[in-house]
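Trainee: All chains, please: the whole structure from these sequences, using the hints.
2 protein chains.
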Amino acid sequence: MQVNSFILEMQLSVPDFYSQIQPQLTRVEEKMRIQAENYHPDLKNALEIILSSGGKRIRATLTLLCGKMLGAAAEQSVTLASAIELLHTATLVHDDLIDGSLLRRGMPTLNSQWSPGATVLTGDFLFARAAKLAAETNNVDVMRIFAETLGIIVNGEIAQLFSKRYLVDRDNYFSRIYAKTASLFETACKSAAILSNASLEIQENLGSYGYNIGLAFQIVDDILDFNGEQITLGKPVGSDLRQGLLTLPVLIFLDRYPEDSNVRSLMSHGILDDLSQPSQFIHDISRSEVLDMAHQEAEKFVDMAISSLSDFIESKEKSALVELAKYITARNY
Amino acid sequence: MQVNSFILEMQLSVPDFYSQIQPQLTRVEEKMRIQAENYHPDLKNALEIILSSGGKRIRATLTLLCGKMLGAAAEQSVTLASAIELLHTATLVHDDLIDGSLLRRGMPTLNSQWSPGATVLTGDFLFARAAKLAAETNNVDVMRIFAETLGIIVNGEIAQLFSKRYLVDRDNYFSRIYAKTASLFETACKSAAILSNASLEIQENLGSYGYNIGLAFQIVDDILDFNGEQITLGKPVGSDLRQGLLTLPVLIFLDRYPEDSNVRSLMSHGILDDLSQPSQFIHDISRSEVLDMAHQEAEKFVDMAISSLSDFIESKEKSALVELAKYITARNY
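Chains as they are written, first to last, in my numbering: chain A, 1 to 333; chain B, 334 to 666.
The set of hints was computed from the structure by calculation and includes no laboratory data.
Cβ atoms here follow ideal geometry from the backbone N, Cα and C, with glycine treated the same way.
Misleading hints may appear alongside valid ones.
To be verified - Beyond 10 Å from chain A on every Cβ pair, some chain B residues (computed):
{"no.": "1", "residue": "351"}
{"no.": "2", "residue": "465"}
{"no.": "3", "residue": "477"}
{"no.": "4", "residue": "584"}
{"no.": "5", "residue": "591"}
{"no.": "6", "residue": "597"}
{"no.": "7", "residue": "632"}
{"no.": "8", "residue": "639"}
{"no.": "9", "residue": "644"}
{"no.": "10", "residue": "665"}
Claimed, not checked - Using 27 Å as the maximum straight-line C-alpha spacing, the simulated DSSO-like pairs for lysine-lysine come out as follows:
{"no.": "11", "chain 1": "A", "residue 1": "44", "chain 2": "B", "residue 2": "497"}
{"no.": "12", "chain 1": "A", "residue 1": "68", "chain 2": "A", "residue 2": "44"}
{"no.": "13", "chain 1": "A", "residue 1": "44", "chain 2": "B", "residue 2": "513"}
Mentor: This is the structure:
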C-alpha cells in the first residue's frame, strides 16, 4: 500500500541518501509549514492540506546535498531548499486545478475541496512565499535563476495546454519534460552551487547532474503512468494518454508498431480525439517492451548525471548524489 | 467616452506629472511588452490583450518619479517600475478570472476570451517575469520587499474571498484596501528609495507617501463604483455591492441611516444575501451625501501623503509627486 505521509514514508523505507541531510530536511519541512503563519487562517489550513500529502522532497534533498558537498552555510541551504520545494508545490496546486485532478499521491487535492478562486490564490500565495524565501538567501543570482525557472515551468505548461490532443515528436516531448521537471531539478542543484560561491564550471556540472536526473525522473513517471497500480499512483492508469498527452512510451510504441490499428488511426488524423479504444491502447502499451525501452533511456540520463560528478572529489555527499541518481530509475512509485 | 488605449489616453489628457518621466514610462511600456518574447506565441498574444487595455500606469509613474527625485540610475528605475506594474497586471489577470469579470477598462478581459487554465498560467507567467525584472535590479532588499508585497496582496484577496457577503467594519475595510492597493503603492515608492540607497528615513517617508495615496486611490475607486458611468467604469454601477463587497460609502451609509429598510435588513442578518432590493440600495447610496463624505476622507489621506514629502527639498519631481497626489482625488475615471 502506498504510504502517503512524508514522515511515515521516511520511516518505512528511507533510501540511504537521505541520511546525510536528514536534520536539514526536517527543517525544510518545518520552514514550509510556517509560511502561512500570521496570514489568513484558511491559508494555514490549505498549506496543511497540501503539505500533508507528502512527497519525496527530492528537489529539496538535491539542494541540501549539493550545498553540503560544496560547504554552503547550512541555514542558507535550508532556506534555498524550502524555496525550491515550495515553488514546486505552488506549481502542483495550479496544475491540479487546471487538470481537474482530484487526487495527488492518493490524497485529495486542494481544488477537490476548495473553490477554484481560493485554489488559484493559494497557489499565488505559495509563489509569493517561495520568492520571499529565495530572497532570504541574500543572493541576487539565486533570485534570478529562481525567477527564470518559474518562467520556464509556466511557459512549458502553457505549451502543453495548447498542444494537448495533438501528435508530438521526441523533440517536443523532451522540451516539455525539461520545462516540467528537469528545469527545476537543474536549478535545485545549480543554485546550491551559486549559493556556495562555486566556480562556473562547478555550477555547470551540478546543473548538468540535476538536468539529467530530472529528465530520467520524468521518464520514469511517464512509465509508471502505464505500469503502476492505481492505488500507488493515486490516479487512474494511463491518465496522461486519456488526457491527450503523449509521453515517451507512446512515442516509442508509435515508432515500432505503425500497423497497430490505434497507431494507424492516430497517425492518419494527428489528434487523439480519433482514438477509438484508449483502454485497449493503454493495455497494449503496458504489455509491450516499450516500457523497458523507455526505462533504458532513463538509465542513460542517470549515467550522464553520474558522469557530471566525475570532477568532484569523493565525499559522503557525492556518494549520496550517485545513490540518489540510481534511485531515480529504481523507484517504483 | 472612455479612452481605453494607454497611448491615446496619454495623448488626449496628460496630467502634467507624467511629463517629468515620459521617456522612461515609454520604456516601461516597451519592457513589459517584450516579456513574452522567446516564449510560447500564445503568451505573447495574451500579453498584448492584457496590456492593450491600457491603464494609467500610476504605480510605474510613482517608482520613476521617486527614483528620479533621489537620483537612482535611470535604467534600474525603468526595470523596477516595469516589475511593479507587471506584478499589478498579474494580480488583475487572476482577479478578473476569480470574479468572472468580462470587462476591464471597457475592454474584454483575458478570461473572457481564454480558458480558465490558460488564464491561470498567463497570470503565473506574469508573476515569474515580474520577479525576474525585480531580480534584474540586482538589489536583494528590493527583491525581498517585492516578494513580501505579493504575499500581502494575495493574502488580502483570500481574506476578501472568504469575507464576501458578510458585514465588515472600517478596520476590516482599511485592512482590505491596504492589501489590495496601498501596499503596492507603498512598495512602488519605497523600493525606488531602496534602489537609490536612500536613508531609512527617506524610505519611510516615501513609503508613507505611497501608502496614503494608495488608500485615497482605492477610496476614490470605491466612490466611482457608485457615481461613475457604466461606460466609463467598464463595468456595472454598484458592482462591488452586487458582488457582496462592502466599501467605505456603504459603511458610512450604514452608520448614518440605521432606519433605512435595506440597512435594517443588513444589520439584523449580517449577510448581504438578505438584501432584498440591491438596485434601490445602490441608487440611495449614489444620491446621498455619503459619497462626498467618503471623498473627504480620501482627501485627508492625500494631505497626509503630501505632508510625508515635507522633508524633501523642492524639485520638479517633488512638485510632480504633489500634483500626482492631488490628481488621485480629482480624477473621475
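Trainee: Against this structure, judge whether each hint is valid.
Mentor: Quick rundown of the hints versus the structure:
The beta carbon of residue 351 of chain B is kept farther than 10 Å from every beta carbon of chain A, the shortest such distance being approximately 29 Å. Once the 10 Å rule is applied to beta carbons, residue 465 of chain B is inconsistent with being away from chain A; the minimum gap is 4 Å. Not every C-beta of chain A lies more than 10 Å from that of residue 477 of chain B, the closest at about 4 Å, which undercuts listing it as non-interface. The claim that residue 584 of chain B lies off the interface holds: its Cβ sits roughly 21 Å from the closest Cβ of chain A, which is beyond the 10 Å cut-off.
For residue 591 of chain B, the requirement that its beta carbon stay farther than 10 Å from each beta carbon of chain A is met, with the minimum near 31 Å. In this structure residue 597 of chain B is separated from chain A by more than 10 Å, as the shortest Cβ-Cβ distance comes to about 31 Å. Distance check on residue 632 of chain B: its Cβ is at least 31 Å (rounded) from any Cβ of chain A, clearing the 10 Å threshold; non-interface status holds. Remark: the non-interface label on residue 639 of chain B is consistent with the geometry, its nearest Cβ contact in chain A lying 31 Å away (cut-off 10 Å).
Look at residue 644 of chain B: its CB is around 29 Å from the nearest CB on chain A, clear of 10 Å, so calling it non-interface holds up. Its beta-carbon lying about 31 Å from the closest one in chain A, residue 665 of chain B satisfies the requirement of being farther than 10 Å from that chain. For the proposed pair residue 44 of chain A and residue 497 of chain B, the alpha carbon gap of about 19 Å is at most 27 Å, so the pair holds. Using a Cα cut-off of 27 Å, the hinted pair residue 68 of chain A and residue 44 of chain A is violated, with the two alpha carbons roughly 31 Å apart.
With a CA separation close to 20 Å, the supplied pair residue 44 of chain A and residue 513 of chain B stays within the 27 Å bound.
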